[in-house]
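Student: Protein chains in written order, with the numbering used here: chain U, 1 to 221; chain V, 1 to 143; chain R, 1 to 395.
Bear in mind the hints are in silico, worked out from the structure with no lab data behind them.
Virtual Cβ for every residue (Gly too), placed ideally from N, Cα, C.
Check before you lean on any hint, since a few could be wrong.
[To be verified] Calculated cross-link-like contacts (lysine to aspartate or glutamate; reagent style DMTMM-like; alpha-carbon spacing at most 25 Å):
| hint | chain 1 | residue 1 | chain 2 | residue 2 |
| --- | --- | --- | --- | --- |
| 1 | R | LYS96 | U | ASP134 |
| 2 | U | LYS215 | R | GLU385 |
| 3 | U | LYS132 | U | GLU177 |
| 4 | R | LYS7 | U | GLU3 |
| 5 | U | LYS63 | R | GLU74 |
| 6 | R | LYS218 | R | GLU385 |
| 7 | U | LYS63 | R | GLU199 |
| 8 | R | LYS7 | U | GLU177 |
| 9 | U | LYS116 | R | GLU74 |
| 10 | V | LYS36 | R | GLU42 |
| 11 | R | LYS200 | V | GLU39 |
| 12 | R | LYS200 | U | GLU177 |
| 13 | U | LYS132 | R | GLU291 |
| 14 | V | LYS41 | R | GLU199 |
| 15 | U | LYS215 | R | ASP388 |
[Unchecked claim] Now the stretches of chain V that chain R is said to cover, found in silico as 3 or more residues with beta-carbon under 8 Å:
| hint | region |
| --- | --- |
| 16 | 102-112 |
| 17 | 121-131 |
Residue-level listing of the chains:
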Amino acid sequence: MIEARGLMKIYRNGQEEIHPLDGIDFTCEKGEFVLVTGRSGSGKTTFLNVLGGLTLPTAGSVKIAGRDLLALTDHERCVLRSEMMGFVFQFPGLMAPLTVIENVLLPATLMGKVKKEVEAREILDQLGLLPKVDAYPNQLSGGELKRTAIARCLINNPSLIFADEPTADLDSRTEREVMELFHGLHEKGTTIVMITHTPELSSFATRVLVMDEGKLVESSH
Amino acid sequence: MRTTINYVLAVVLIILGILIAVTGWYIFPVCEMEGKFIETKAGKLMPMPCGYTARAETGLGALVALAGIGLFAFRSADSRRAFGVMTTGLGVVVILIPTLLIGMCSAPDHICRIATAPALILLGGITVIVGLYLIVARNTAIE
Amino acid sequence: MLGIIGKNIRHRPFRNGILILAFAFIAASIFSGQYLLHGASESIEIGVSRMGADLIVVPERYRMEAMNIILRGEPSTFFFDASVMDQVALVEGVEKVAPNLYIASLDASCCDVPVQLIAIEPERDFTLKPWLAQSQNRPLEKDDIIVGSRIVGDIGTPLQFYGHTFNIAQRMEPAGMGVDCSIFMNFDDAFVMADESPEKAVQALLLPEEKVSAVLVKVKDVRETETVAARIEASVPKVRVLTPSNLLGRISSQLTSTTNFLDLAAFFATLISLPLIALVSIMAANERRREIGVLRALGATRGIIFRLILGESVIIAVIGAVIGVVFSWCVLILFQNYISVVVQIPLIMPNLTTLAWAAGTTLALTIGIGGIAALYPAIHYSRMEPYDAMRSGDL
Numbered sequence: 001m002i003e004a005r006g007l008m009k010i011y012r013n014g015q016e017e018i019h020p021l022d023g024i025d026f027t028c029e030k031g032e033f034v035l036v037t038g039r040s041g042s043g044k045t046t047f048l049n050v051l052g053g054l055t056l057p058t059a060g061s062v063k064i065a066g067r068d069l070l071a072l073t074d075h076e077r078c079v080l081r082s083e084m085m086g087f088v089f090q091f092p093g094l095m096a097p098l099t100v101i102e103n104v105l106l107p108a109t110l111m112g113k114v115k116k117e118v119e120a121r122e123i124l125d126q127l128g129l130l131p132k133v134d135a136y137p138n139q140l141s142g143g144e145l146k147r148t149a150i151a152r153c154l155i156n157n158p159s160l161i162f163a164d165e166p167t168a169d170l171d172s173r174t175e176r177e178v179m180e181l182f183h184g185l186h187e188k189g190t191t192i193v194m195i196t197h198t199p200e201l202s203s204f205a206t207r208v209l210v211m212d213e214g215k216l217v218e219s220s221h
Numbered sequence: 001m002r003t004t005i006n007y008v009l010a011v012v013l014i015i016l017g018i019l020i021a022v023t024g025w026y027i028f029p030v031c032e033m034e035g036k037f038i039e040t041k042a043g044k045l046m047p048m049p050c051g052y053t054a055r056a057e058t059g060l061g062a063l064v065a066l067a068g069i070g071l072f073a074f075r076s077a078d079s080r081r082a083f084g085v086m087t088t089g090l091g092v093v094v095i096l097i098p099t100l101l102i103g104m105c106s107a108p109d110h111i112c113r114i115a116t117a118p119a120l121i122l123l124g125g126i127t128v129i130v131g132l133y134l135i136v137a138r139n140t141a142i143e
Numbered sequence: 001m002l003g004i005i006g007k008n009i010r011h012r013p014f015r016n017g018i019l020i021l022a023f024a025f026i027a028a029s030i031f032s033g034q035y036l037l038h039g040a041s042e043s044i045e046i047g048v049s050r051m052g053a054d055l056i057v058v059p060e061r062y063r064m065e066a067m068n069i070i071l072r073g074e075p076s077t078f079f080f081d082a083s084v085m086d087q088v089a090l091v092e093g094v095e096k097v098a099p100n101l102y103i104a105s106l107d108a109s110c111c112d113v114p115v116q117l118i119a120i121e122p123e124r125d126f127t128l129k130p131w132l133a134q135s136q137n138r139p140l141e142k143d144d145i146i147v148g149s150r151i152v153g154d155i156g157t158p159l160q161f162y163g164h165t166f167n168i169a170q171r172m173e174p175a176g177m178g179v180d181c182s183i184f185m186n187f188d189d190a191f192v193m194a195d196e197s198p199e200k201a202v203q204a205l206l207l208p209e210e211k212v213s214a215v216l217v218k219v220k221d222v223r224e225t226e227t228v229a230a231r232i233e234a235s236v237p238k239v240r241v242l243t244p245s246n247l248l249g250r251i252s253s254q255l256t257s258t259t260n261f262l263d264l265a266a267f268f269a270t271l272i273s274l275p276l277i278a279l280v281s282i283m284a285a286n287e288r289r290r291e292i293g294v295l296r297a298l299g300a301t302r303g304i305i306f307r308l309i310l311g312e313s314v315i316i317a318v319i320g321a322v323i324g325v326v327f328s329w330c331v332l333i334l335f336q337n338y339i340s341v342v343v344q345i346p347l348i349m350p351n352l353t354t355l356a357w358a359a360g361t362t363l364a365l366t367i368g369i370g371g372i373a374a375l376y377p378a379i380h381y382s383r384m385e386p387y388d389a390m391r392s393g394d395l
């Protein structure tokens, strides 16, 4: 599903150079659930974003379902993202003027698809957000914001999910529920690459990797 | 934010009220401010129609300003709509006074006709618009 | 997409409200300039074309007074010998002539400012018929008067001049020029009024016999108007000929300075507003860069982001432009007479086609300004990589 070779990312800040990714090789088969852990600032988020095509590597290559991201145009990458991928970021990233259901439907709206309101309500129900369907982001708690973002990620039935600390602001019970949701998706065949600081969640994953100073190391699982 | 819109409209109404009240006396002064009166046979000096209009508008302007003050004090949705109805009505009367109810001087080139009356009509129109907005706008003040 | 833009605009009512006001101000300046320019030009064209006469011959000494009567209705009384009429009639190219008497009234009962009384010979007159608002198909009877549009009084209302009572028989359509404050009467009635004035009026009116104030001329070939005018001035002593072009010329210098002022105001309004609007657009887009990054991650193409940012600015510009045009139009209509008096230009509301054109160009210019102001942030943020936008400057 995912094939990355020699990934490097360099940021220049005046004379200073920062290497969040320092020559990474990574493969992920279809249907895997990969967990990536590591210290803060180790480059995990950059890694995830490079895999998702949200930023291009300074060197190296990334292939998603056999398609070389660097060979695609920006437009083609957008289409690939909206058709295949779902993203959950560290911050909720919801649009403040839109209601919960409008935010969840956003990926479908952007693709010009017929509104999937019924599916959206089902997903929100699964995440316990049905009472908040018409609420605005400023009326939601941190946990509710996160769950809305997760619902938004799922609306286009992605075959590949990139999740950056999806359970960060959640209480342990909700964290468990969300992880079981991801587990359920994984069981249905969705490929998941997730970043987390919580080692206890490794039981849900098929593989655990550790990121350290721009390099990826396989951990015992 | 919605409460702030209320405050803005309240200030707008107070300003409108003041302007309506003083237009005929200071902004586009009516004939008696230039010493023009109607002289009766007994020799008494009486204001011309524009003078009575200006007096009436002073009263109306005070009421419009009062509506603005009221909007500061009473912020519920129903109060807002009630002030809207009152303001709309006041705005209509502000327009009717110089046009139909009292009128201005008959001389075509007098300031009262070509400037005072249009100014009052304009201010009255804006007052009506503000009043209508207060009636129909959704999501009134959050208490 | 429009739904998202609409919600975005409503989400920041104050900032966008101020932007709308800025655009409204720009639109009002542009529209007002065009309105006044066209309103004045059309007024002159209509007024001059409605003169009915192609030329007006007046005493050389009273040329300015005659112009002011026609353009602004500033009343005057002056005369020259009626034999001038016969001399003018003989000039090559002249088709017919008609006499006018100009008399400034005292304070009239209808108004407390003097108005211009103009005596005509209804049988010879060829100028008034095109002006008349309601054709009653009856000749001007004794003591009948025809009043300009700004004289107050209904048909049948009696008006007194120099102690003599007249009846309003007809009213003219507005021309935005002097004739709106004028009153037309029979020559005979004018002389009766003058004869009775020593007893009935506050001040006697002296109307000498065999005198006229102006001779109205219709030429055989309109294309030869200027030529005929020159011939009349050459062959008839101590007269001046007023032509549409010299009437227009008199107005145009005042008009030019007024419209130049308005154009300058519109220009400065744009000059000052454009960078401010651009700055606000940049700040607004920057504030939402993380949101833009997320949208891109969700599948929004560069084109969508570009259209979102530009679209928001354009819609705000449209709303502002509509408000600006409508508001300035209302003000211009309400204060039309006041503006005309203060700026000393004739003014009527331009015809609907002109208005639509003016509104259309104003809208287009204002939208253009809105588009230009948002162009940089639209391009810059749509080109950003999604992750860079989301990072908001941190690594």
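Student: Confirm or reject each hint.
Tutor: Hint check results:
A distance of roughly 82 Å separates the Cα atoms of LYS96(R) and ASP134(U); the hinted pair therefore is violated under the 25 Å criterion. Taking the CA atoms of LYS215(U) and GLU385(R), the gap is near 23 Å; set against the 25 Å cutoff, the hint holds. Between LYS132(U) and GLU177(U) the alpha-carbon distance is near 18 Å, which keeps this suggested pair within the 25 Å criterion. With a C-alpha separation of about 40 Å, the suggested pair LYS7(R) and GLU3(U) falls outside the 25 Å cut-off, and the hint is violated.
At roughly 87 Å between alpha-carbon atoms, LYS63(U) and GLU74(R) are farther apart than 25 Å, so this suggested pair is violated. The straight-line distance between the Cα atoms of LYS218(R) and GLU385(R) is roughly 77 Å, outside the 25 Å bound, and the hint therefore fails. Using a Cα cut-off of 25 Å, the hinted pair LYS63(U) and GLU199(R) is violated, with the two alpha carbons roughly 111 Å apart. Of the pairs offered as hints, the one joining LYS7(R) and GLU177(U) is violated, with about 33 Å between alpha carbons and a cut-off of 25 Å exceeded.
For a cut-off of 25 Å, the pair hint linking LYS116(U) to GLU74(R) is broken: about 74 Å separates their Cα positions. Restraint check for LYS36(V) and GLU42(R): not satisfied, since their Cα atoms lie roughly 36 Å apart, outside the 25 Å limit. With a C-alpha separation of about 21 Å, the suggested pairing of LYS200(R) with GLU39(V) holds against the 25 Å cut-off. Proximity of LYS200(R) to GLU177(U) is assessed by CA-CA distance (about 106 Å); at most 25 Å being required, the pair is judged violated.
Taking the CA atoms of LYS132(U) and GLU291(R), the gap is near 21 Å; set against the 25 Å cutoff, the hint holds. With a C-alpha separation of about 22 Å, the suggested pair LYS41(V) and GLU199(R) falls inside the 25 Å cut-off, and the hint holds. At roughly 21 Å between alpha-carbon atoms, LYS215(U) and ASP388(R) fall within 25 Å of each other, so this suggested pair holds. Counting residues of the region 102-112 of chain V whose beta carbon lies closer than 8 Å to any beta carbon of chain R gives 5, which reaches the threshold of three, so the coverage claim holds.
Under the rule that three or more residues need a Cβ within less than 8 Å of chain R, the assignment of the region 121-131 of chain V holds, with 3 such residues.
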